[in-house]
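Participant: First residue of the sequence shown: 4, per this note's numbering; consecutive thereafter.
For the record, the hints were derived by calculation from the structure and aren't laboratory data.
The model shown is predicted, which means the values in this text are computed figures rather than measured ones.
The beta carbon of each residue, even a glycine, is placed where N, CA and C say it ideally should be.
Treat each hint with caution, since some may be false.
Said to hold, decoys possible - Computed beta-carbon distance windows for the label pairs:
no.: 1; residue 1: 175; residue 2: 305; range: 25 to 35 Å
no.: 2; residue 1: 37; residue 2: 424; range: 28 to 38 Å
no.: 3; residue 1: 113; residue 2: 151; range: 51 to 61 Å
no.: 4; residue 1: 103; residue 2: 241; range: 51 to 61 Å
no.: 5; residue 1: 37; residue 2: 241; range: 43 to 53 Å
no.: 6; residue 1: 286; residue 2: 172; range: 44 to 54 Å
no.: 7; residue 1: 274; residue 2: 151; range: 18 to 28 Å
no.: 8; residue 1: 287; residue 2: 103; range: 53 to 63 Å
no.: 9; residue 1: 287; residue 2: 219; range: 19 to 29 Å
no.: 10; residue 1: 334; residue 2: 185; range: 22 to 32 Å
no.: 11; residue 1: 95; residue 2: 433; range: 49 to 59 Å
no.: 12; residue 1: 359; residue 2: 406; range: 27 to 37 Å
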Amino acid sequence: MHTRPLKLHIATLGCSKNLFDSERLAAALESAYTLTHSSDLATADIVVLNTCGFIDRAKKESVEAILHYVREKEAGRVQRLYVVGCLVGRDRPTLQAELPEVDGFYTQAEFDRLVEVLQGDLRRYLLGERRRTGYPHHAYLKISEGCNRKCSFCAIPLMRGPHQSRPFQDIVEEARHLIDEGVREISLIAQDLTYYGIDLYGKRRLADLLETLASLPGIGWLRLHYAYPAGFPLEVLDVIREAPAICKYLDLPLQHIADPILRRMRRGLSRARTEALLHTIREKVPGIVLRSTFIVGFPGETEAHFEELLEFLEAYRLERVGAFLYSHEEGTHSYTYADDVPPRIKKQRYRRLMTLQQRLSYEWNTDQIGRTVTLLVDERQGDLAIGRTQYDALEVDNLVYVHDPDHRLSVGHFHPVRVVDATEYDLWAEPV
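Using the sequences and the hints given, assemble the complete structure.
Facilitator: Right, here's the structure in full:
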């Protein structure tokens, strides 16, 4: 008697690194199941929930998703439920004690065991094969796992362990494979790109890696995410400047600028060193766009510290900025501090910072009007082509909208367009 394959759904919460991990898991399981994979909480015979545990809000979202699937299992709509990822790395004993309905808990480092439990293709998992989701012309490529930094607010080392670089040639071969599959933009990700190579080769090798990847035949864009500012390898800037394939874009999370807060955060650098690094980056790579993130309401942050941050942003005019309210995370060093900035003040400071950045972003965007830029088209909606420039990362930065009734612009291809209008966070353009 023929029986249908069981349906398995992988639900992914959190960041691009979680998505990368889920894509590897999906490749190992797709031959054994009817497989779906998304951020949606879809129901299936078997559910694998890849969780986030970075801050309190993400933990709550993950717990709510687990409870949703527990209810689905109790109602008979889900047969087996596995919870994996960062939240497990952080709170496994508590989860096991409070959620006996879950069939198994696995950290990212234990995904190979889950593949064996689910009778998937372990060879494909160990080889790093992936079943990619999202736009077919874009892919994330993770070059390392874990982090050796000691930032006082961060729980990532608790969840993902110490830094582990992937072998150089493995990364290059995966990039070749992605290019052969039609990927036009590769986004390099890690908890800390700049640390790459120290554990395997005794020195930082990010510049070597970028040179090799940028020279691969068929490469389109290569984008750098999550470059830690302390100890930044300056030779990387020469490669970014000289390699046409590398986007003139750098994601450099600064978190704050006031020296007392930087010390409490254990960031390993001062305001003066931060400013010197920014000057060097701007000097060595003219026209580069910088993205950064900042935490508001960190323990001990005074109004004067926050005003200093606003003055810094006004002076240095970083093109892309995000902000977070400080989250008091158990297990981190900053959890030993008094969470002494009231929630109301945190929210006020967040709004003030983002209002300033909105104005700065609008000024930068309006300065693009009249310029011709290269657009990678991500999708079409009727006569509208939607894409990004080299200065905009997927999901977090500007979009460019092009009225294109003649359908001259193709999805997954690069096209020159002329910017004709701008809003705070988006551009409008016309085909050239």
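Participant: Now, for every hint given, state plainly whether the structure supports it.
Facilitator: Results for each hint:
1. 175 <-> 305: 25 to 35 Å: With Cβ atoms ~48 Å apart, the hint is violated.
2. 37 <-> 424: 28 to 38 Å: Given a distance of about 46 Å, which is not inside 28 to 38 Å, the answer is violated.
3. 113 <-> 151: 51 to 61 Å: Since the Cβ atoms of residue 113 and residue 151 sit about 21 Å apart, the hinted range of 51 to 61 Å is violated.
4. 103 <-> 241: 51 to 61 Å: Taking Cβ atoms as reference, residue 103 and residue 241 lie about 56 Å apart, which means the hint holds.
5. 37 <-> 241: 43 to 53 Å: Because 49 Å falls inside the window, the suggested range holds.
6. 286 <-> 172: 44 to 54 Å: 33 Å, violated
7. 274 <-> 151: 18 to 28 Å: 23 Å, holds
8. 287 <-> 103: 53 to 63 Å: At 56 Å between Cβs, range holds.
9. 287 <-> 219: 19 to 29 Å: Given a distance of about 23 Å, which is inside 19 to 29 Å, the answer is holds.
10. 334 <-> 185: 22 to 32 Å: Given range 22 to 32 Å: violated, Cβ gap about 42 Å.
11. 95 <-> 433: 49 to 59 Å: Hint holds: Cβ distance 54 Å, inside 49 to 59 Å.
12. 359 <-> 406: 27 to 37 Å: 31 Å, holds
Comparing the model with each numbered hint stated earlier shows that hints 1, 2, 3, 6 and 10 do not hold.
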